[in-house]
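S.K.: For reference, the chains in residue letters:
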Amino acid sequence: MNLLVCGVGGQGVLLFSDILAQLALTAGLDVKKSEVHGMAQRGGSVTSHIRWGEKIHSPLIEEGTADIIVAFELLEAVRYLHFLAPAGWLIYDPLTIAPLPVQLGLVEQIASEELEKRIQNRLKKSLAVRAFDTARTLGNPRVQNTVMLGAVSRLLEFPDDLYYQTIKQLVKPQFVEANILAFRRGQELVSK
Amino acid sequence: MNRALLTGDEAVARGAWEAGCRFAAAYPGTPSTEILESLATYPDVYCEWSVNEKVALEAAIGASLAGVRSLAVMKHVGLNVAADPLFSAAYIGVRGGLVIVTADDPGMHSSQNEQDNRFYGLMAKIPVLCPADSQEAKDFIKSAYIISEQFDIPVLLRLTTRIAHSASVVGLEDRAETAPPNYEKQLQKTVLLPAFARLRHRELILRFDRLQAFTEKTPLNRIEWGNPELGIICDGVAYQYAREVFPDASFLKLGMVYPFPAGLVRQFAERVRRLAVIEEVDPFIELQVRALGLTVTGKDTLPRTGELTPAIIRAVFGQQISEHKAEIDLPNRPPALCPGCPHLGLFYALQRQNIIIGGDIGCYTLGALPPHNGLDTCIDMGASITFAHGVDKALANQDPRSRIAVIGDSTFFHSGITGLLNVVYNQSNVITIIADNRTTGMTGHQDHPGTGRTLMGKETVAIDLEQLCRACGITEVVRVDPYLIKETRNTIRRLLNIKKPAVVISQRSCALISARPGAPKKVDAEICSGCRSCLALGCPALSFEQEKALIISTACIGCGMCVEICPKGAIL
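Going down the list, the sequences are from chains B and F. Residue 182 in this note's numbering sits at position 178 of the first sequence; the count goes up by one each step and never skips. Residue 130 in this note's numbering sits at position 16 of the second sequence; the count goes up by one each step and never skips.
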């Protein structure tokens, strides 16, 4: 499995990928996960490559080979579309966060409708999940990542208990309940 | 055996702990920072943030000579700072094993260059180990301690960003018992007076010859026979990419890239039809293969800059790659200073002034970008002050622009103090601005000599920057709050006119670690004239929609800087 996660610094991409990678390990698989910290986290574009299977060599996913791309933001979804395999799934939050050069009026923004159209033109299998909005109705925008995790779990073959167990393992005790609720809500957003 | 998913950095920490390491010192630097952060969570190992990498390595040499297994950790450019003791350490040797970790940054994800530190092995005559995943990172550091003690030599363990920040599965073992500390004076070994140093250099060559025999036999270097049509020599993460691209080829995987196992390479080369070296950035292995007179493909086709990827290797070797192209017209999303970041106020105050500004290494290097365009240089740690000094001496009275240096607090402690002393001693008209956000921001908020806390969480003396600068001989030391923009600008203007060395301490805690200063601000759209002057602050919480300023309430921390700069009073 090649799963690429992308978003904007501060959206919780790294915790999302920590949970999935740990889950694959607990399931007894070989796992590699690659991301870059530091300068990239100051509101920049953030990606995490997660791969699991019998034996994994490269920590990086090759262009055109991702089975699933999980995008926390629309512009970032389009930025990494070329990583998706022909039969792969894109799960994306249609939320848009303007990059600073756009906010400052230095660069033209591309309209959301145009970005969505590019996704439809290029892909057969894509799924919009309003994870940020859902997290906000739950009273905590920060659980966008676990709402997304719930949605993605519909495409993976791990049992629900494994998700709960891993969330408990990696999330601070006081936030476990909110994250499990968000995970379930995310599952509800995607029909089986 | 318990298995865990560890990053390369975490695996190095685990390996050092399992090897019985008792002393570890580092200066934070991406991608190496997490090694000491992780090691500090283990029992029975002293860990510290040293003031800089030179200090860290010298202290680790001391601990090694006191008989304990020691570790010094730094990013690639940090080893330049520590290069002086590195070469002496090779002559002196060790008592307790001494391992130096360098984390190189091919692709420059968070660095000013992508130098290849494998070459330090060649120059200092010390062994260099390059792990290819987290399991090897852990295993190799344990091997490094054994080699260090067996051959009386410091060992360089070289990671790259892709190894340091990738996680893979690691088997966990127990900590080894090691000998208790034990210091003995060894005059001829540790006092590098020329007479003794000449002996030590000859002796280093002997140690090196024994290592040369070792590298031919060690399981750190291994041949994986496959199809003899193509034989690939590689190290580090390049091995993983190459295995993926050529599942059937024969491999010579080097874990110990220096001393170079020439015999093993010859033996491998004889039995394959075509020989290739796949490595990142510089042709370190390839040069040594070519020195054996072998015909090899390497940097004649592979890129000499940036990271490799499986797709790059595929393309170079004529394999098919994905036809899907990236969308090229998308707006970039570069990193930016955070909403309410105190550096925003400082850089705003520096706008539209007739100045030349030396910049330094930290979050504030981003002040070089629009809308601030606030720095002329980013060279290396501490170079803001010394650059401005050189400019001042060269231009003298020929150029009316004032010379300014902007340097962070942690960077000032690291290597700004000597530059400031030089400004005072040689009298240049440099205004040094210390952007003091009370932490090491860029690398994720590590403590430093000004914070009053150590890596191991102990309270300690907090160095007072103002007193320190006065002790350096600066008489004009002024403290400002960068949230008060007019006051900051007026202070800087006043100092520009006094024509002598001065220091401004622009002090305000990093917005990510301090309490929110207030409720989110709002724009009164009735009053806003749409003049866009607030956008010159460069705050990510400020945007512009339908010809009016807009504050993104989820991002705004209520610092109030935009309130001060709005000419219409439209922000409340």
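You may find that some hints are simply not true.
30 Å max Cα-Cα, derived DSBU-like pairs, lysine-lysine [unchecked claim]: (1) F:K682 x B:K121; (2) B:K59 x F:K507; (3) F:K635 x F:K600; (4) F:K600 x F:K613; (5) F:K239 x F:K299; (6) B:K121 x F:K662; (7) F:K636 x F:K662; (8) F:K572 x B:K176; (9) F:K572 x F:K256; (10) F:K256 x F:K303; (11) F:K331 x F:K303; (12) F:K331 x F:K299; (13) F:K507 x F:K613; (14) F:K572 x F:K636; (15) F:K507 x F:K439; (16) B:K128 x F:K439; (17) F:K413 x F:K239; (18) F:K682 x F:K662; (19) B:K59 x F:K299; (20) F:K662 x B:K59; (21) B:K129 x F:K439; (22) B:K172 x B:K59; (23) F:K331 x F:K439; (24) F:K600 x F:K662.
What the simulated footprint calls covered on chain B by chain F, stretch by stretch (three residues with Cβ under 8 Å from a Cβ of chain F suffice, anywhere in the stretch; the number is not a length) [claimed, not checked]: (25) 19-32; (26) 66-75; (27) 174-187.
No lab work stands behind these hints, which were simulated from the structure alone. Keep in mind it's a predicted model, so treat the numbers as computed, not measured. Don't be surprised by glycine CBs; every beta carbon is placed ideally from N, CA and C.
S.K.: Next step is simple, just say for each hint if it's right about the structure.
M.R.: Here's how the hints hold up against the structure:
1. F:K682 x B:K121: violated, 41 Å
2. B:K59 x F:K507: violated, 61 Å
3. F:K635 x F:K600: holds, 19 Å
4. F:K600 x F:K613: holds, 21 Å
5. F:K239 x F:K299: holds, 24 Å
6. B:K121 x F:K662: holds, 28 Å
7. F:K636 x F:K662: Given pair K636 (chain F), K662 (chain F) holds - Cα atoms ~12 Å apart, limit 30 Å.
8. F:K572 x B:K176: holds, 24 Å
9. F:K572 x F:K256: holds, 29 Å
10. F:K256 x F:K303: The given pair, whose Cα atoms are some 25 Å apart, holds under the 30 Å limit.
11. F:K331 x F:K303: Cα-Cα ~29 Å, so holds.
12. F:K331 x F:K299: violated, 34 Å
13. F:K507 x F:K613: holds, 13 Å
14. F:K572 x F:K636: violated, 41 Å
15. F:K507 x F:K439: Roughly 51 Å between the alpha carbons, so the hint for K507 (chain F) and K439 (chain F) is violated.
16. B:K128 x F:K439: holds, 17 Å
17. F:K413 x F:K239: holds, 24 Å
18. F:K682 x F:K662: It holds: about 12 Å lies between the C-alpha atoms, which stays within 30 Å.
19. B:K59 x F:K299: At roughly 51 Å apart (the allowed maximum being 30 Å), K299 (chain F) and K59 (chain B) break the hint.
20. F:K662 x B:K59: Between K662 (chain F) and K59 (chain B) the Cα gap is close to 55 Å, so the pair fails against 30 Å, i.e. violated.
21. B:K129 x F:K439: Given that 30 Å is the threshold and the Cα spacing comes to 18 Å, the pair holds.
22. B:K172 x B:K59: holds, 27 Å
23. F:K331 x F:K439: violated, 46 Å
24. F:K600 x F:K662: Measuring from Cα to Cα gives roughly 24 Å; hence the hint holds.
25. 19-32: It holds, with 3 qualifying residues against the three required.
26. 66-75: Since 4 is at least three, the answer is holds.
27. 174-187: Coverage by chain F is violated here, the residue count being 0 at a Cβ distance below 8 Å.
Checked against the numbered hints given earlier, the structure breaks hints 1, 2, 12, 14, 15, 19, 20, 23 and 27 and satisfies all the rest.
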